[in-house]
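*Asks:* Taken in order, these protein sequences are the chains called A and B. The first sequence begins at 1 in this note's numbering and counts up one residue at a time. The second sequence begins at 1001 in this note's numbering and counts up one residue at a time.
Possibly wrong hints are sitting among the right ones.
Claimed, not checked - Simulated pairs of lysine-lysine, DSSO-like, Cα-Cα distance not exceeding 27 Å:
hint : chain 1 : residue 1 : chain 2 : residue 2
1    : A       : Lys180    : B       : Lys1046
2    : A       : Lys172    : B       : Lys1005
3    : B       : Lys1046   : A       : Lys127
4    : B       : Lys1069   : A       : Lys57
5    : B       : Lys1054   : A       : Lys126
6    : B       : Lys1024   : A       : Lys172
To be verified - Covered by chain B, according to a simulated footprint, are these stretches of chain A (three or more residues, beta-carbon under 8 Å):
hint : stretch
7    : 14–22
8    : 123–132
9    : 163–176
No lab work stands behind these hints: they were computed from the structure. Quick caveat: nothing in here was measured; it's all calculated off a predicted structure. Note that CB positions come from ideal geometry on N, CA and C, so glycine has one too.
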Amino acid sequence: MDIKEISHDLLQQASQGDIQVFEEIYKYASSFVYSVALRTVRNREDAQEITQEVFLKVFKSLKDFKFQSSFKTWVYRITVNTALNVIKKAGHDLNRQVEYNENMIIENARPGNTIESIIETQDKEKKVHDLLAALTPEYRVCIVLREIQGLSYEEIAQTLKVNINTVRSRLKRAREILLKRGGYNGLQ
Amino acid sequence: MGCSKFRDIIITDYVDDELDEQGKQEINHHLQGCAACRAFAAAVLKIAVDPLRKAEITEPPAFLWTRIKSHLEQDHNRSGLKWLHALAPLSMFVVMTLAGNYLVSGMLGSTTPPETVASAEVTQQLSLSEFNDMPNEQVEAVYTNIIGG
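Required output: the full structure, derived from the provided sequences and hints.
*Replies:* Here it is in C-alpha cells:
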C-alpha cells in the first residue's frame, strides 16, 4: 500500500507507544525504506541494518513529529540520512567491491516465476546495480528517489532539504555520468 | 534558445515530466526539427532513465520486523524500569524523613516550651547554690538581671 495513505489517527496512536499499531506503519513503509536503503548502499546486510535503524528512530520520534512536512517526506529524509551516514562511516566509495548477489533474485522470486522471468529480473537488477555503482552517494540518492521511488523534484528537494535547482543540477550531472558510462559520445 | 539549453531541459524536466504544457510543446517543437537533440533525448531515456525506472521495489526480509519489534519491546521495558529506579531513592527519602520525625518527637516527649524549662533550671540553680542565705526578693532581682525575664 502507498505510504501516503497512512492516516493521522494511526500516527497519533503509534506516537503513544503502541507497537501493534506501529506494525501497520511498518507494513506501509518498509518496502520503500528498504528499497531506498538497498539502492543507496548496494549491500543487503547494510540495508537491513539501516531499515531497522530508521524504524526505531521513527518510533522514538513520532511524538515529536509535528506534521510540518508529510509523513512520507519525513521518513524518506530519515532513510536517506541514515544510509548516507552508513556510507560515510564505512568509508564506502565507488571503487569498493560491493556484492551483487544473484542469489538474492532467486530468493525473492515468487511462486509462478519462470526461469526466463527470473533471468530477465537478474539481468535488470545487475544493470541497475552497475548504473548506481557509477554514481557518488549524493547523485545516487537523487536518482534513486526520482527514478525508483518516483518522487517529484519538489518532494526530493524537501526530502534532501535542498533547493529545487540543486535537485535538477544533481540529476543532470548523474545522468551525464550514466550517458558517458553507457558509451554515449554526444555530450558537449 | 540553443540546443545546449534545450538539452539541459531534456535531460531533466522533460524526461521527468516536470514541464508545464507550454514547456512540453516548446521542447516537442524543437525535437521535431532537430535530429541531434532527438538522438540525445532517445539516448537519455534508453541509457540513463528507463533501466532504472524498471527496477523492482525490493521487499525487506520477513525477519526484520521481528527484530525491530524485539528492540522496541526491550526499550519499552527498560524505560519502565528506569522510572522504578528513579522512584526508589525518593521513596527511601520520604520513609526516612517520616521515621526521623517520629523518633525526634518521641525523644522530646514534654510540651513545656524550652525557654521556660531553662529559666526554671537557672532559677533553681541560682537559688540553691549561691544565694541560699539571701532573702527571696534579692534572689528574684538577681535572677531578673541575669535572665532578663
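*Asks:* Determine for every hint whether it applies to the structure shown.
*Replies:* Results for each hint:
{"no.": "1", "hint": "Lys180(A) to Lys1046(B)", "in the structure": "holds, 13 Å"}
{"no.": "2", "hint": "Lys172(A) to Lys1005(B)", "in the structure": "holds, 12 Å"}
{"no.": "3", "hint": "Lys1046(B) to Lys127(A)", "in the structure": "holds, 12 Å"}
{"no.": "4", "hint": "Lys1069(B) to Lys57(A)", "in the structure": "holds, 13 Å"}
{"no.": "5", "hint": "Lys1054(B) to Lys126(A)", "in the structure": "holds, 12 Å"}
{"no.": "6", "hint": "Lys1024(B) to Lys172(A)", "in the structure": "holds, 18 Å"}
{"no.": "7", "hint": "14–22", "in the structure": "holds (count 3)"}
{"no.": "8", "hint": "123–132", "in the structure": "holds (count 6)"}
{"no.": "9", "hint": "163–176", "in the structure": "holds (count 6)"}
No hint from the list above goes unmet by this structure.
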